[in-house]
Amino acid sequence: MHKKKKPQKLDLKYLIDMQMINKWFGDYHVLRDINLSITPNEKVAVCGPSGSGKSTLIRTINLLEEFQQGCMEVCGLKLEVSNITKKTKREVNNRIGMVFQQFNLFPHLTVLQNLTVGPIWGRKISRQEAIHRAKKYLNHVHMYEFIDKYPNELSGGQQQRVAIARSLCLHPDILLFDEPTAALDPELVNEVLQVIEELAAKGMTMVIVTHEMGFARNIADRIVFMDQGQIIEESPPDQFFDQPRSERLKAFLGQILNH
Amino acid sequence: MPESKTNTFIEAMTPPVREGGPLGRFLKRSFSSIPNGLVTLLLLGGAGYLLIHLVSWGIVSAQWTGTTAKSCSNPDGACWSFIIARWKPILAGQYPVQELWRIFLFFGILTILIIWIAIRRIPGKSWALVSLWTVFPIISYYLLIGGSFGLSHVPTNNWGGLLVTVVTAVFTMISTLPFGLLLALGRMSNMPVIRLLCIGFVEIVRGIPLLAFLFSAATIFPLVLPEGVNIDLFARTMIAFMLFNGSMTSEVFRGGLQSIRREQYDAALTVGLGWFSTMAFIILPQAIKTIVPALVNCMIIIIKETSVLLVIGLFDFIATIHFGTESPDWIGGHHILLTGYIFTAAVYMITCSVLSKYSRRFEGQIK
Ligand SMILES: Nc1ncnc2c1ncn2[C@@H]1O[C@H](COP(=O)(O)OP(=O)(O)OP(=O)(O)O)[C@@H](O)[C@H]1O
Ligand SMILES: [Mg+2]
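Protein sequence lines correspond, in order, to chains G and S. Under our numbering, think of the first position of the first sequence as 1, with each following residue one higher. Under our numbering, think of the first position of the second sequence as 1001, with each following residue one higher.
These aren't lab readings, by the way, just hints derived from the structure by calculation. There's no promise every hint is true.
FRET-style restraints, in silico, Cβ to Cβ [said to hold, decoys possible]:
no. : chain 1 : residue 1 : chain 2 : residue 2 : range
1   : G       : G51       : S       : I1208     : 45 to 51 Å
2   : G       : K250      : S       : M1191     : 48 to 54 Å
3   : G       : D27       : S       : I1260     : 24 to 30 Å
4   : S       : V1308     : G       : F25       : 48 to 54 Å
5   : G       : N22       : S       : V1193     : 29 to 35 Å
6   : S       : I1239     : G       : Y28       : 45 to 51 Å
Ideal placement from N, C-alpha and C gives every residue a C-beta, glycine not left out.
Just need the whole structure built from these sequences, with the hints factored in.
Take a look at the structure:
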């Protein structure tokens, strides 16, 4: 077996440690004094009203968005405003996987090619090993029989499961999910949530932006509530739902739970 | 509350049969009213008249054999003997007759490559494409110009005819695609100097008419080159063609690149791809798929542009026809020149329409 060495095992207190992160889109202050730390194996759900900056927050973690103030440490890499370059972006993304709301599969590639293009051309892993990994993770997400299909031949739920397998092929230390079920028809939501739950049970560190409150409550060790670019409140699920402290969280929970 | 109701299940049915067949439908539409009928008759009549004349001129009264203008005494018929008797200069100008096999070999290789790329069932397309940009230019250079491998040297000022036109068209296409792509990528670069250079080049060149560009390139090139370096007119023209058409194709590439959504770049970054592999494996394959018809259109324009070669002093396909009628054997009549021009037009037209038919097949595939 050609087992490549995994990048050195991370022995860190925090996999993600954001300190006083601020970000603007033009004049719009979209992230305000964000402090967020995530320990290995932790599962953190992020929720909040639309436009509160949840996507921007997790896209900042893997540097798809740049921040303008503050600093953070991601998987041992110290990131400051001044050292965000193409190189650090790639390094960070070698450690972090991401699953998008709109799946973002590569439409011109088959399922197998979608899963192997990153490992082969980005990580210089042998083709054999890349295919081996792809098959393994397609099995995990129950998509093995679709290996030669193109994305547009799959349902939304199937595409999202392929996207999850794609990010697993890179053996990430952290997985980020940006509303992974928001673009799905209701009857397809569960097959995706189930795959994520299986991953959680295996000990993957995850940050999940979601509107599925029942799911968040089940899976998360901690839930973060965002509003207007700030983290208003963070607490374990039971406390989050049963004893919300801030008025804004109470109002938010009132809106989404009672209708 | 409205009353709830259930409908009975409807079996699938075949669609109603269209009446009349294709000819019936054509007649019905063409003669649906008196004015429509008149227009149809008029147009059909005109087309028929033209066709009859063409056949009578090109076949019935045409002259096929003979080696001088005297053989073509009928001014109302085509003089194909002119084309047939002069096929060597029309094909290759002053290229030495005993070396003509090199030209046949060149055209043979070119034809094989084109067929390989164009016909879907033949496998190994990427090999054909790769050789088009690597071994093919090198082989063509040594084959046509010679000077090594025991082949005699044939300087480009002895070239002529279809050879000059085809070489110019083919190598302009081959060079202009990567150049246009580089310009488009440069225009999207986040390095300001590169971006401004590319924008400036594209915008300036796009604003200059081809002939003005070719003339000034022909005179400016020798001035900017270091002393002692001499590039012949043919090479200068090919470079000028590449620069001129590169600015056109770069706009097509830019359109294709802009049609790719930002999410694809995000996804590529999150699976660990760098700039080069993102472009090569994710962005360009998708972008090029959408612009194949536009690129083929650029190729058609390049083919048609080669008809100006005569004006800047290259002895091209049209030149061999034109000056052929001034050679001592073939002085003698307007109809000989007309035959030559119709022949040239037909060659250009057939090549271009085959290309555009080919690109329309792609348009169908994209959707
Ligand atoms: N690229 C951008 N340029 C400018 N403004 C942006 C950009 N992306 C997001 N915004 C703005 O930033 C704010 C936060 O956006 P974000 O997508 O992070 O919200 P969200 O919490 O994920 O919302 P949703 O639940 O609707 O996905 C919004 O007001 C949005 O309009
Ligand atoms: Mg969002």
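Checked hints:
| no. | hint | result |
| --- | --- | --- |
| 1 | G:G51 - S:I1208: 45 to 51 Å | holds (49 Å) |
| 2 | G:K250 - S:M1191: 48 to 54 Å | holds (51 Å) |
| 3 | G:D27 - S:I1260: 24 to 30 Å | holds (29 Å) |
| 4 | S:V1308 - G:F25: 48 to 54 Å | holds (51 Å) |
| 5 | G:N22 - S:V1193: 29 to 35 Å | holds (31 Å) |
| 6 | S:I1239 - G:Y28: 45 to 51 Å | holds (49 Å) |
Of the numbered hints stated above, none is contradicted by the structure.
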